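**Q** Listed below are the residues making up each chain.
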Amino acid sequence: MGFEITNKDFNKILESLKDEYKIYAPKRFYKRGRFSDTDLIRYDEIKTIEEIEYKEKSQYSPKEVIYPITQTLFYFNEDEFKESTVSEKKILIFLRSCDINGMRRLDTIFLENGPYKDVYYQRLREKVKFVLIECSESFDNCFCVSMNSNKADNYDIGIRFEDNKVTCEVKDDELKKIFEAFGDKVEFELDYVKENKFKVEVPNKDDLSVEFFNNKVWEEYSKRCIACGRCNTVCMTCSCFTTQDIAYEENPSSGERRRVWAGCHIDKFTNMAGGHEFRKDYGSRMRFKTMHKIYDYNKRFGENMCVGCGRCDDQCPQYISFAQCINKVSETLKKGEATNE
Amino acid sequence: MNNPLIPQKKKVLDVIAQTDIDITYKVEFDEKLKGGQFVQVSIPRVGEAPISVSDFGDGYIEMTIRKVGKLTDEIYNLKPGDYMYLRGPYGNGFPIEKYENKHLIIAAGGTGLAPVKNIVNHFNGDIDKVKKFDLLLGFKSPKDILFKDEIENWKKNINLTLTVDNADENWTGNSGLITTFVPNVEIDNMDDVQVVIVGPPVMMKFTALEFLKLGVPKEQIWVSFERKMSCAIGKCGHCKIDETYVCLEGPVFNYTKGEELID
Numbered sequence: 001m002g003f004e005i006t007n008k009d010f011n012k013i014l015e016s017l018k019d020e021y022k023i024y025a026p027k028r029f030y031k032r033g034r035f036s037d038t039d040l041i042r043y044d045e046i047k048t049i050e051e052i053e054y055k056e057k058s059q060y061s062p063k064e065v066i067y068p069i070t071q072t073l074f075y076f077n078e079d080e081f082k083e084s085t086v087s088e089k090k091i092l093i094f095l096r097s098c099d100i101n102g103m104r105r106l107d108t109i110f111l112e113n114g115p116y117k118d119v120y121y122q123r124l125r126e127k128v129k130f131v132l133i134e135c136s137e138s139f140d141n142c143f144c145v146s147m148n149s150n151k152a153d154n155y156d157i158g159i160r161f162e163d164n165k166v167t168c169e170v171k172d173d174e175l176k177k178i179f180e181a182f183g184d185k186v187e188f189e190l191d192y193v194k195e196n197k198f199k200v201e202v203p204n205k206d207d208l209s210v211e212f213f214n215n216k217v218w219e220e221y222s223k224r225c226i227a228c229g230r231c232n233t234v235c236m237t238c239s240c241f242t243t244q245d246i247a248y249e250e251n252p253s254s255g256e257r258r259r260v261w262a263g264c265h266i267d268k269f270t271n272m273a274g275g276h277e278f279r280k281d282y283g284s285r286m287r288f289k290t291m292h293k294i295y296d297y298n299k300r301f302g303e304n305m306c307v308g309c310g311r312c313d314d315q316c317p318q319y320i321s322f323a324q325c326i327n328k329v330s331e332t333l334k335k336g337e338a339t340n341e
Numbered sequence: 001m002n003n004p005l006i007p008q009k010k011k012v013l014d015v016i017a018q019t020d021i022d023i024t025y026k027v028e029f030d031e032k033l034k035g036g037q038f039v040q041v042s043i044p045r046v047g048e049a050p051i052s053v054s055d056f057g058d059g060y061i062e063m064t065i066r067k068v069g070k071l072t073d074e075i076y077n078l079k080p081g082d083y084m085y086l087r088g089p090y091g092n093g094f095p096i097e098k099y100e101n102k103h104l105i106i107a108a109g110g111t112g113l114a115p116v117k118n119i120v121n122h123f124n125g126d127i128d129k130v131k132k133f134d135l136l137l138g139f140k141s142p143k144d145i146l147f148k149d150e151i152e153n154w155k156k157n158i159n160l161t162l163t164v165d166n167a168d169e170n171w172t173g174n175s176g177l178i179t180t181f182v183p184n185v186e187i188d189n190m191d192d193v194q195v196v197i198v199g200p201p202v203m204m205k206f207t208a209l210e211f212l213k214l215g216v217p218k219e220q221i222w223v224s225f226e227r228k229m230s231c232a233i234g235k236c237g238h239c240k241i242d243e244t245y246v247c248l249e250g251p252v253f254n255y256t257k258g259e260e261l262i263d
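These protein sequences, in sequence, are chains W and P. At position 275 of the first sequence the residue is numbered 275 (full-length UniProt numbering), and the sequence of numbers has no breaks. At position 222 of the second sequence the residue is numbered 222 (full-length UniProt numbering), and the sequence of numbers has no breaks.
I should point out that these hints are in silico values taken from the structure, not numbers from a laboratory. Just so you know, not all the hints are guaranteed correct.
[Stated by the list, open to error] With a straight-line cut-off of 27 Å between C-alpha atoms, the simulated DSS-like cross-links for lysine-lysine are:
#1 K257(P) to K268(W)
#2 K57(W) to K90(W)
#3 K280(W) to K70(P)
#4 K335(W) to K197(W)
#5 K216(W) to K257(P)
#6 K129(W) to K57(W)
#7 K205(P) to K216(W)
#8 K9(P) to K82(W)
#9 K151(W) to K27(W)
#10 K70(P) to K268(W)
#11 K218(P) to K257(P)
#12 K205(W) to K257(P)
#13 K117(W) to K22(W)
#14 K268(W) to K223(W)
#15 K280(W) to K205(P)
#16 K9(P) to K280(W)
#17 K280(W) to K205(W)
#18 K218(P) to K205(W)
#19 K117(W) to K10(P)
#20 K32(P) to K117(W)
#21 K47(W) to K176(W)
[Claimed, not checked] One side only, chain W facing chain P, incomplete, derived with CB under 10 Å:
#22 S253
#23 K268
#24 D296
#25 F301
This one's a predicted model, so the numbers in the text were calculated from it and none came from an experiment. Ideal placement from N, C-alpha and C gives every residue a C-beta, glycine not left out.
Excised from the complex, chain W in its bound form (with noise of 0.2 Å):
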């Protein structure tokens, strides 16, 4: 069961959110892209539904919504420490299955692993409801089903777009209630990708192990990785950041400490002070990312990181393929090639 609304109507229901909720969406800034005269897609908030860009993929994931690039941790003052504080607003997004898997990615490292839950982002998931895009058929470089991320249960709406009305299936109570007064009901099942251009075969983590690590498959990215570490930045599950400190110029007893999103294979992710560092060439960050992707994570936590949605392909200014990566990682353990030797 859904309701059947007008785009005009759903303007409406989100005008009738917009005091208790944040609304983010995949947006198009015009000529904001990588190459002159392209666009940008990113997460950012919306007010109507025409500012929705449904029919791409998004260049940045929604991840940024409750893991900010840049957050701030908390200010100091003289001797005071005044955590950063979050508006009370709910917040709704608008996102795709994967993406919805991979936020399942995030809580795990966030609020699972070590002892304690990271309040900071936690205070922001807890005010999130997921808005499901129906995916009726796979973007370039997807490989969602590869990646069994190409359903998600875990949503309050799910809706499609059409070009003048969407429909929507709606579990969440509070909200069905304002989607009652401007929908018409009508049979309503949400459509999901069954097959993607690209396949992916993931290897059995049960036939990787560390011996990989040494295997001659990683030496191509030495050459071919420049280490710009856009492939982190807009993967939907790299988690990783650096914390910074900074005094106010205009007052330098003042200052916050901030944490920003580190990358694996940005330089100085490893760098301690006094000169030790880890994986200098590229391909061991290649290997790196890969390994924790599909491997070591599942080890930890019993799924694969990655789900599939081909970002890292997408952006990479060098054409490497994340995705024909994996392959190559399973098809040289095929060939018994687990090491060099």
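Fit chain P to the given chain W structure using the hints.
**A** Leaving out everything else, chain P in the frame of chain W:
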């Protein structure tokens, strides 16, 4: 405020220069801890870093910190009565109960002595708790030697070998890499041996290989890792090696695990 990332303001009780750039800070601290654990030290508006605890007692910890970067430059200026900000302790620490009544061999390179100093003092103060105690200490040069007073004291109870990589004209002691002194350790009963190795990655790797050559089983060798960390509570990802988080499952690892941790 229930926020594990917010540090506590702690008073610097004493400052003891070890070398030109290594200083031991005695700082008030009330949390219980084990030798080999570390704390997150910060100076607000400058930064935060993991620092190993070199020793501890009632109401205080000691940390031996080398002046090597932005944060440690700032720490270097601290005097008794000043404050630093701490959170922790973090990490597992050494399983000292496993070393009791054994032939304990500790090999420490440079600042790697700091994280094991507490264990050395622990058994030095109660030498009957171990069957035998060999301590191998390696430093780059005579001017880099840490804890000179303690070393003199340790010599009374412990078979101590001190070596420097690069001797100068005034140096009359051993010179050469710590690995060259490993074969000199007299082992009476291999079953009793417990080896602890802490130092720079290359030193740990080759020192462990020397002990393996002597026939020490991997299960009886322990290493401690140093990695970049931002959070120390399993979130920031910097210290992850394979599925292991050094801040959570380490920094101390049995060699059977340590040898599999390829960065």
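**Q** Between K117(W) and K10(P), is the straight-line Cα distance small enough, at 27 Å or below?
**A** holds, 25 Å
**Q** Compare the distance between the alpha carbons of K129(W) and K57(W) with 27 Å, and conclude whether the hinted pair is satisfied.
**A** OK: K129(W) and K57(W) at ~20 Å, within 27 Å.
**Q** Would the stated hint for D296(W) survive a check requiring a Cβ distance to chain P of less than 10 Å?
**A** With Cβ-Cβ at 4 Å, under 10 Å, it holds.
**Q** Hinted pair, alpha-carbon criterion (27 Å max): K9(P), K280(W). Please report holds or violated.
**A** Distance of about 37 Å is beyond 27 Å: violated.
**Q** Need the status of pair K57(W), K90(W): alpha-carbon distance at most 27 Å?
**A** Satisfied, since the Cα-Cα distance of roughly 25 Å is no more than 27 Å.
**Q** Can we keep the K268(W) interface hint, with Cβ of chain P closer than 10 Å?
**A** holds, 9 Å
**Q** Would you mind confirming whether the straight-line C-alpha gap from K216(W) to K257(P) stays at or under 27 Å?
**A** It holds: about 24 Å lies between the C-alpha atoms, which stays within 27 Å.
**Q** When you check the alpha-carbon spacing of K32(P) and K117(W), does it fall within 27 Å?
**A** This hinted pair holds, its Cα atoms lying about 22 Å apart.
**Q** Take a quick look at whether K47(W) and K176(W) sit within 27 Å of each other, Cα to Cα.
**A** Measuring from Cα to Cα gives roughly 19 Å; hence the hint holds.
**Q** Run the distance test for K205(P) versus K216(W): straight-line Cα separation, threshold 27 Å.
**A** Status holds; Cα separation ~23 Å.
**Q** Decide if the proposed pair is consistent with the structure: K117(W) and K22(W), CA atoms, cutoff 27 Å inclusive.
**A** Given pair K117(W), K22(W) holds - Cα atoms ~24 Å apart, limit 27 Å.
**Q** Would you check the hint for K9(P) and K82(W), treating anything up to 27 Å between C-alpha atoms as holding?
**A** Holds, at about 14 Å.
Checked against the numbered hints above, the structure violates only hint 16.
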